[in-house]
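*Asks:* The lines below spell out each chain.
Number of protein chains: 2
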Amino acid sequence: MIVIATIKEVAKEAGVSVATVSRVLNNKGYVNEDTRKRVMSSIEKLNYKPNAVARSLFKKKSKMIGLIVPDIKNPFFPELARAVEDVTNSEGYTLILCNSDDDFHKEQKYLDALKQKYVDGFIVVTSTLKAEHVEDHNIPLVALDRSIHPEIPAVYSNNYTGAKQATQYLLELGCRQIAHIRGPHHINNAEERYKGFTDVTKDQGLYDPKLVINGGYSIEKTIGVTSELLKKSPEIDGIFAGNDMMAIGVLKAAERLGLKVPEDLKIIGFDGIALCKTTSPEITTMAQPIYEMGTTAARMLLDFIEKKEVINTKQVFQVQLVERQSTRVSLKR
Amino acid sequence: MIVIATIKEVAKEAGVSVATVSRVLNNKGYVNEDTRKRVMSSIEKLNYKPNAVARSLFKKKSKMIGLIVPDIKNPFFPELARAVEDVTNSEGYTLILCNSDDDFHKEQKYLDALKQKYVDGFIVVTSTLKAEHVEDHNIPLVALDRSIHPEIPAVYSNNYTGAKQATQYLLELGCRQIAHIRGPHHINNAEERYKGFTDVTKDQGLYDPKLVINGGYSIEKTIGVTSELLKKSPEIDGIFAGNDMMAIGVLKAAERLGLKVPEDLKIIGFDGIALCKTTSPEITTMAQPIYEMGTTAARMLLDFIEKKEVINTKQVFQVQLVERQSTRVSLKR
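Same order as they appear, the protein sequences are chains U and G. Counting from 1469, one number per residue, gives the positions in the first sequence under this note's numbering. Counting from 1469, one number per residue, gives the positions in the second sequence under this note's numbering.
It is worth saying that the hints were derived from the structure and are not from the lab. None of the values given here were measured: they were computed from a predicted structure. Just so you know, not all the hints are guaranteed correct.
If chains are identical, the list can't say which one is meant, so a pair holds when it fits in one copy or spans any two.
[To be verified] Subject to a maximum C-alpha distance of 30 Å in a straight line, what follows is the list of computed DSBU-like cross-link-like pairs (lysine-lysine):
| no. | residue 1 | residue 2 |
| --- | --- | --- |
| 1 | Lys1577 | Lys1541 |
| 2 | Lys1531 | Lys1663 |
| 3 | Lys1745 | Lys1689 |
| 4 | Lys1745 | Lys1531 |
| 5 | Lys1598 | Lys1700 |
| 6 | Lys1531 | Lys1700 |
| 7 | Lys1496 | Lys1574 |
| 8 | Lys1678 | Lys1574 |
| 9 | Lys1663 | Lys1689 |
| 10 | Lys1496 | Lys1598 |
| 11 | Lys1745 | Lys1529 |
| 12 | Lys1700 | Lys1574 |
| 13 | Lys1480 | Lys1700 |
| 14 | Lys1670 | Lys1776 |
| 15 | Lys1541 | Lys1782 |
| 16 | Lys1505 | Lys1583 |
| 17 | Lys1583 | Lys1496 |
| 18 | Lys1689 | Lys1670 |
| 19 | Lys1699 | Lys1574 |
| 20 | Lys1583 | Lys1775 |
| 21 | Lys1782 | Lys1678 |
When you get a sec, could you build the whole thing from the sequences and use the hints?
*Replies:* Listed below in structure tokens is the structure:
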């Protein structure tokens, strides 16, 4: 049997106040030497453990939160993770990092394992969890980057509107044969961005299903499919890539075919990751406020955990056009 | 007072074996209904908690490890973190992510806070912790990427030899005015790489202290200082950048000055991060086996935690030349 005393019991046993026990434990403030000895012997006698684990067992709280992302190697997620950790760390919480590879079973295993450790809540970037899986767990949770269900708290950006803006921007620059490299069908932000693109091009009578291909949110896959597309349809003069990684793939494909960017082909991405500034030309993008999204999700989750009132459980951020050399001749290199 | 019973006490109280209690708890295997009820009532009576937190309090083990990196946004660290997490996850451990900003006090706060949570061990990328700080904590720890002290277990690569190879490679390509953009003085791998560079250039009678500048492991800083350097010393025909981020900065500086890479200027980096393949031209680098270093550090730490014999507490990996377009005309674009 394991017995854990509380600080009150220690104080009572030693005949002092809780504040005095606390001063002894933290070695702060004046405590009479006899009193100190009495407190120490009560602590020993009662097997008092002033530590985080005993506290979490008592309160069923661990001051830990879990962050589940598909893969921390994807450059979008370190920026989010850093933002979340900055908030958790400043609020005395600890952040557990989980890579799910977008695998439903891995996500479920993480949720189960971390609940066993009394994790206080989760921030989850998921394309596979549904409302019923989250509700089953009955623990505070905020969806980040991708919404799970209208009823589940979430922080994400306005992907549909951002995609419309990106497409309109290419039109304003004079592009008339605009292709879209879209993300995976099972990821809802990819679907929203695709819808934004098609709604604008259909509206302009410029929609052509042959000019929409799937780059799988991957540089390598995008280089391959975009090279094929540009060979088949050399009239393409603008490409809206569904994320920045794919925009880099488009840039590489264009380069291999000897196309000049932005003169022959204008490219715009989506996300606003730092990587867009490392390429030449630098890539124009619809930037999400990534850091702010991460801190907002973290603060919302901590408010749920600490039972504070959360007025807005759905925070949708606007994306912003950041013009760089891949679309503007005047900005070139 | 909090009382936690053990599984043995539950079994004794219910008059069954520990295996039977376990079958009831896990809802696996056949258990007679009366027995099941008896076990359940013993569990309730004794306040038995079959969870990870109670177990960690009992064993003073949490099956959690802490990973302290300077900043997960720096593209080298997500690759390491993913490798570490793949191992911890497959072995049933949980990974806590900490961003220290290379700040000694932040590192100390993380070590203290996580020890309070009975974290089983640490993997630390640090330039400020010394042996005495680590020993004070008396907990398994493996230094990763940067050695702390010859007596402290560590996994890193042979920075000195790799830097010599990088410099010799530029010489073999015909470069005679070779500059080095070095990393910060307080980071020992930056110092080792600097030594490798100077030893080779001195040996060849080509060393010139004016051709060594500090880029602070930062793209932005490197663009600035390298632009200045190339204007002052236009005869420079090769640059060894102390890491890949700075190699990207060198590439951008060269581009802004209208220099052709690799024809006018050859560039080699160090690290082998995926980012080197996203630039145009792609950047030649001395690649560390980043993923393997991460998994090796994680396995070594788990061996320490599980008190297995660790024969080699210092694992030094060789780096490998990866030739790309920034040094080879034949590979150009």
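*Asks:* Each hint should be assessed against the structure and marked as holding or not.
*Replies:* Here is how each hint holds up against the structure:
| no. | hint | in the structure |
| --- | --- | --- |
| 1 | Lys1577 - Lys1541 | both (21 Å within a copy, 26 Å between copies) |
| 2 | Lys1531 - Lys1663 | neither (40 Å within a copy, 45 Å between copies) |
| 3 | Lys1745 - Lys1689 | both (21 Å within a copy, 14 Å between copies) |
| 4 | Lys1745 - Lys1531 | neither (37 Å within a copy, 40 Å between copies) |
| 5 | Lys1598 - Lys1700 | neither (39 Å within a copy, 60 Å between copies) |
| 6 | Lys1531 - Lys1700 | neither (56 Å within a copy, 55 Å between copies) |
| 7 | Lys1496 - Lys1574 | between (45 Å within a copy, 21 Å between copies) |
| 8 | Lys1678 - Lys1574 | neither (36 Å within a copy, 53 Å between copies) |
| 9 | Lys1663 - Lys1689 | within (21 Å within a copy, 40 Å between copies) |
| 10 | Lys1496 - Lys1598 | between (49 Å within a copy, 27 Å between copies) |
| 11 | Lys1745 - Lys1529 | neither (42 Å within a copy, 44 Å between copies) |
| 12 | Lys1700 - Lys1574 | neither (40 Å within a copy, 55 Å between copies) |
| 13 | Lys1480 - Lys1700 | neither (83 Å within a copy, 76 Å between copies) |
| 14 | Lys1670 - Lys1776 | neither (46 Å within a copy, 65 Å between copies) |
| 15 | Lys1541 - Lys1782 | both (27 Å within a copy, 26 Å between copies) |
| 16 | Lys1505 - Lys1583 | between (39 Å within a copy, 25 Å between copies) |
| 17 | Lys1583 - Lys1496 | between (35 Å within a copy, 20 Å between copies) |
| 18 | Lys1689 - Lys1670 | within (27 Å within a copy, 45 Å between copies) |
| 19 | Lys1699 - Lys1574 | neither (40 Å within a copy, 53 Å between copies) |
| 20 | Lys1583 - Lys1775 | both (18 Å within a copy, 27 Å between copies) |
| 21 | Lys1782 - Lys1678 | neither (36 Å within a copy, 56 Å between copies) |
Of the numbered hints given earlier, the model fails hints 2, 4, 5, 6, 8, 11, 12, 13, 14, 19 and 21; all others are met.
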